[in-house]
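Asker: What follows is each chain in one-letter form.
Number of protein chains: 2
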Amino acid sequence: MPVKRQPSQRGAAKRPRAPVLRFRMRVTDGDRIAVGPGKIALLEAIESTGSITAAAKSLDMSYRRAWMLLDELNRSLAQPAVDSAKGGLQGGGSSLTEGGRQLIALYRRIEKRAEVACRDDITQLMSMLAR
Amino acid sequence: MPVKRQPSQRGAAKRPRAPVLRFRMRVTDGDRIAVGPGKIALLEAIESTGSITAAAKSLDMSYRRAWMLLDELNRSLAQPAVDSAKGGLQGGGSSLTEGGRQLIALYRRIEKRAEVACRDDITQLMSMLAR
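Going down the list, the protein sequences come from chains A and B. Here the first sequence is numbered in our numbering, starting from 196 and rising by one per residue. Here the second sequence is numbered in our numbering, starting from 196 and rising by one per residue.
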């Protein structure tokens with residue numbers, strides 16, 4: 196039964212409470228994460244910045260770490276997500292392949308659909324939290 | 196466009212490939228995870244073992260760690276998830292409250308509904324993986 200959310204301390208705004216529910220979707224293959232939120236965020240950053248270097252920097256990640264994630268992702272996919280033809284993985288400008296863009300779109304659509312499909316249950320779960 | 200999954204190396208069964216997609220749902224409150232897969236698994240273990248000590252052991256977790264997770268969870272909820280009346284958090288037998296059982300049920304139902312609602316997209320995403 197949903198519990199009404201009433202702030203227990205009106206005016207006590209020092210510590211704003213705003214619980215957030217997030218779906219995180221991962222495709223694992225044994226111990227390895229083939230596709231997960233970190234790799235998708237990296238693809239999105241490459242799409243918006245146009246380079247692995249800038250994408251890594253925007254995510255506060257080393258170039259080496261970004262490169263390793265992309266290498267792992269590309270090897271997990273039937274077709275690579277990042278185009279290495281134009282400078283590509285070795286530096287310089289990089290762009291997503293059609294498959295890379297499709298992967299991002301699918302991943303985000305799944306997250307969104309999951310939230311929409313579960314809206315009532317999510318509301319109920321959130322109502323169980325302390326206020 | 197879905198790519199047919201064909202094993203590229205028939206008979207090369209040394210490294211079985213069985214990618215698995217999982218939804219992980221977390222409710223965060225600032226940096227703190229109020230509800231997440233670890234805490235839900237711990238509640239389920241307490242329900243099946245009847246004690247925090249046994250639950251912690253079954254999850255390869257220290258008693259101290261289990262206790263801290265439960266304390267954090269109970270403080271996140273309007274009503275505690277674990278009954279501390281019968282020995283409770285200090286040891287001995289522990290049981291879930293009605294709210295604790297409701298939380299598990301909601302959490303698992305949300306995961307399940309999300310998968311059902313996203314089945315087609317999930318199939319499409321999985322078809323992009325290397326085989």
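For the record, the hints were derived by calculation from the structure and aren't laboratory data. Virtual Cβ for every residue (Gly too), placed ideally from N, Cα, C. Be a bit skeptical, because a hint or two may be false.
Claimed, not checked - Covered by chain B, according to a simulated footprint, are these stretches of chain A (three or more residues, beta-carbon under 8 Å):
(1) 214-224
(2) 236-245
(3) 248-255
(4) 259-272
(5) 288-294
Unchecked claim - Here are the computed distance ranges between Cβ atoms for each label pair:
(6) Tyr258(A) x Asp226(B): 22 to 28 Å
(7) Asp255(A) x Ala300(B): 36 to 42 Å
(8) Glu293(B) x Glu267(A): 25 to 31 Å
Claimed, not checked - Quick list of in silico lysine to aspartate or glutamate cross-link-like pairs, EDC-like style, CA-CA up to 16 Å:
(9) Lys307(A) x Glu310(B)
(10) Lys307(A) x Asp316(B)
(11) Lys307(B) x Glu310(A)
(12) Lys252(B) x Glu239(B)
(13) Lys307(B) x Asp316(A)
Asker: For every hint, state whether the structure bears it out.
Answerer: Do the hints match the structure? See the list:
With 11 residues having a Cβ less than 8 Å from any Cβ of chain B, the segment 214-224 of chain A passes the three-residue criterion, so the hint holds. Residue count for the segment 236-245 of chain A with a Cβ under 8 Å from a Cβ of chain B: 0. That is fewer than the three needed, and the coverage hint is violated. Beta-carbon proximity to chain B at under 8 Å applies to 0 residues in the segment 248-255 of chain A; the threshold of 3 is not reached and the given coverage is violated. A count of 3 residues in the segment 259-272 of chain A with a Cβ less than 8 Å from any Cβ of chain B is obtained; the coverage claim is therefore met, three being the minimum.
Judged by the Cβ-Cβ criterion of 8 Å, the segment 288-294 of chain A is not covered by chain B as claimed, because only 1 of its residues qualify and three are needed. The hinted range of 22 to 28 Å is satisfied by Tyr258(A) and Asp226(B), whose Cβ atoms lie roughly 27 Å apart. The hint said 36 to 42 Å for the Cβ distance between Asp255(A) and Ala300(B), and at roughly 38 Å that hint holds. At about 44 Å, the CB distance of Glu293(B) to Glu267(A) disagrees with the hint of 25 to 31 Å.
A distance of roughly 12 Å separates the Cα atoms of Lys307(A) and Glu310(B); the hinted pair therefore holds under the 16 Å criterion. Annotation: proposed proximity of Lys307(A) to Asp316(B) holds, straight-line Cα distance about 11 Å (limit 16 Å). At roughly 12 Å between alpha-carbon atoms, Lys307(B) and Glu310(A) fall within 16 Å of each other, so this suggested pair holds. The straight-line distance between the Cα atoms of Lys252(B) and Glu239(B) is roughly 13 Å, inside the 16 Å bound, and the hint therefore holds.
Of the supplied pair hints, the one linking Lys307(B) and Asp316(A) holds, its CA atoms being roughly 11 Å apart against a limit of 16 Å.
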